[in-house]
Amino acid sequence: MNTIFKNQYYLILKHGIKMELADKERLISPILFATTMLILFAFGIGETSEDLIIKIFLAQTFLTLLFSLQITFARIFDPDEKDKVFQLLQCYPINHAAWFLGKYTLVILVGSLVLVPTMLLAGLLNHNPKAPLLTPEIFLIAFLALAGLASIGVLLSAMTLKASGREVLFPLIYFPLSTPVLLAAIQSSQVLLSGNNSDILWQWVGLLVCFDVIYVTLGILLFGELAGSE
Amino acid sequence: MIILDKKQLITGCIFFVMLMLAWYWSLFVVTTEEHQGDVYRIIYLHVPSVFTAFLSAFILLCMSILGLWKKSYKSVQVGLASAEVGLLFTFLGLATGSIWGKPTWGTWWTWDARLTTTFILALLYCGYILLWNSVQSNLMRIKVCSVLGIMIAANIPIIYKSVTWWRTLHQPPSIFRRGGSSMSPEILSLLLINIAIMLAIGIWLIIQRYKNITLGEDLEEESYLQIRQQEGG
Numbered sequence: 001m002n003t004i005f006k007n008q009y010y011l012i013l014k015h016g017i018k019m020e021l022a023d024k025e026r027l028i029s030p031i032l033f034a035t036t037m038l039i040l041f042a043f044g045i046g047e048t049s050e051d052l053i054i055k056i057f058l059a060q061t062f063l064t065l066l067f068s069l070q071i072t073f074a075r076i077f078d079p080d081e082k083d084k085v086f087q088l089l090q091c092y093p094i095n096h097a098a099w100f101l102g103k104y105t106l107v108i109l110v111g112s113l114v115l116v117p118t119m120l121l122a123g124l125l126n127h128n129p130k131a132p133l134l135t136p137e138i139f140l141i142a143f144l145a146l147a148g149l150a151s152i153g154v155l156l157s158a159m160t161l162k163a164s165g166r167e168v169l170f171p172l173i174y175f176p177l178s179t180p181v182l183l184a185a186i187q188s189s190q191v192l193l194s195g196n197n198s199d200i201l202w203q204w205v206g207l208l209v210c211f212d213v214i215y216v217t218l219g220i221l222l223f224g225e226l227a228g229s230e
Numbered sequence: 001m002i003i004l005d006k007k008q009l010i011t012g013c014i015f016f017v018m019l020m021l022a023w024y025w026s027l028f029v030v031t032t033e034e035h036q037g038d039v040y041r042i043i044y045l046h047v048p049s050v051f052t053a054f055l056s057a058f059i060l061l062c063m064s065i066l067g068l069w070k071k072s073y074k075s076v077q078v079g080l081a082s083a084e085v086g087l088l089f090t091f092l093g094l095a096t097g098s099i100w101g102k103p104t105w106g107t108w109w110t111w112d113a114r115l116t117t118t119f120i121l122a123l124l125y126c127g128y129i130l131l132w133n134s135v136q137s138n139l140m141r142i143k144v145c146s147v148l149g150i151m152i153a154a155n156i157p158i159i160y161k162s163v164t165w166w167r168t169l170h171q172p173p174s175i176f177r178r179g180g181s182s183m184s185p186e187i188l189s190l191l192l193i194n195i196a197i198m199l200a201i202g203i204w205l206i207i208q209r210y211k212n213i214t215l216g217e218d219l220e221e222e223s224y225l226q227i228r229q230q231e232g233g
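So the protein lines, in turn, are chains S and H. Residues in the first sequence are numbered consecutively from 1, following our numbering. Residues in the second sequence are numbered consecutively from 1, following our numbering.
Chain H with its partners taken away, still in its complex shape:
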């Protein structure tokens, strides 16, 4: 058990060192973008955060389907972990987008389609976490949280497509689009590296949080047993 934790710790440290190196590269080494200047560099944190929030929604969908199919409580625990990590990265994406928006659009916030739909995703993650905490029975938790998890994932395509469906301030997709990316190869390759590292960190965080949730529940159960034994004795 201790060896496994050490492994996890080392893996986490490696990911964070990689992230620091990628950020150093993004902030000080890569060339400045022609039109936006240095402010563009925030995309190396903003875009990976949003991708990780989407990955969390995808994991939530898979775990919800698995939870309903196998009636597995573990799946829903992973679902909760991914909702929490998803919420963290959604807020990170919103905050970095807002910081970028001030010098570029001249405002911290606008009711743009992409911003609004991403904010809705954050609210849905909050709703999922609240629902989890307000249902006591494990079987009911599996059912209701899995159903909500599937419904949350159904909204992801709207967030992704919002910039093409509506005329928005937010620019249309520039990485994955027909005819190839509109970014320079240097910027794109570094962005993809940042995305890969952030996704790995997202998965690592989900695993850690899942372990934390199970440990918390085991401890709670253990303490109840001890109280019962003391009362019985």
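In isolation and in its complexed conformation, chain S is listed as follows:
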């Protein structure tokens, strides 16, 4: 990594973190949304038998994450657009891969701040003393899912920046594209928590990593096209 690339990457990341800290509502609202959704899920489903706990925990957690992360992703370029930073960076000879990776890292950081409390709360609501749900491996799988979802999020956010009816368009494209990542994450978590065959677990984790690589590579390759000046 050359120095210019590194400097540009850090500057974009630093600016993004400053912007997120300056407007705390942007961070708090997805967490509040996730909490509300989890409580509604728990209220709607009620008492469940032990054999269903794993399935319900995973469905609740990953769906809540998907919805609340979507709120985070859809607004990731909003401060840049408001302050005309996006337009300025388009004119500046910036390395587009550094720009993408800077935003991608920011989304991972912000996404983690939504992911961790959501998982902790979901684990608490579905607490099972016989079989712990919140293992380090589950967190690892969730972070792998976040890595894939974040890349789609940054790309789509940049894609729909100039589109009319963006609020409807973003989820309409984001949900179908995130399905492979979500499927692989849920299936691998289910195999892991039910203590089934480790070969199957590795197949699903392999698919998850594979899609992370595909989406991040596509992000690095295609973001430049979206961010290039008109």
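A portion of the hints provided could be inaccurate.
To be clear about the criterion: a stretch of chain S counts as covered by chain H if any three or more of its residues have a C-beta under 8 Å from a C-beta of chain H, and this derived list gives those stretches [what the hints assert, rightly or not]:
| # | stretch |
| --- | --- |
| 1 | 137 to 146 |
| 2 | 159 to 167 |
| 3 | 221 to 227 |
Source of the hints: derived by calculation from the structure; they are not laboratory data. Backbone N, C-alpha and C define an ideal beta-carbon position, used for all residues, glycine too.
Using the hints provided, position chain H relative to the given structure of chain S.
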């Protein structure tokens, strides 16, 4: 221009006559399948439709790459045409699969991996068409639609492999598989003919739709010019 249109019309008519003949053959001439009975005959419409939907995704991928590489608006117009045709054939594939599913599986719809992933493809095609319509600038359209086109195509291998990756109600691949096809030569050859004709129709429809899109945009531009001239005059 008129001669070209006539040629296209004749080509289209030939394809549709061929399709009718192939369907007649599929419905009334070819022998009934041993286990499923006559209901199996829907595969002569179902499988070609799904293959044409995949072909549309492939054309969309090629046009998206070309669009980004050459910044060509025409490529993205072909991309839109293939997304629309792809959507049509995806829904046709889903509908025929559903009709086949009722007597075979006992249900019109099940959240089977192949069905779900194919439904997702239909949603992605819808998303592409909506994105196209919600972006106004031509250059932005080239960029955003091409990026989405590439992302849609990245999902095709999952749909194709879904029946081998997951244990599903949908049967595993029976045409292209290791050790040769599991179908009888008579059924297979007629199915391949149906697929070839449907693919040709798919390409023909994409070409027609592309022409339609360009004509629509030209007319729109022309009408704006006329309004401006009238306002100026």
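Structure versus earlier hints, numbers of those that do not hold, lowest first:
Of the numbered hints given earlier, the structure breaks just one, which is hint 1.
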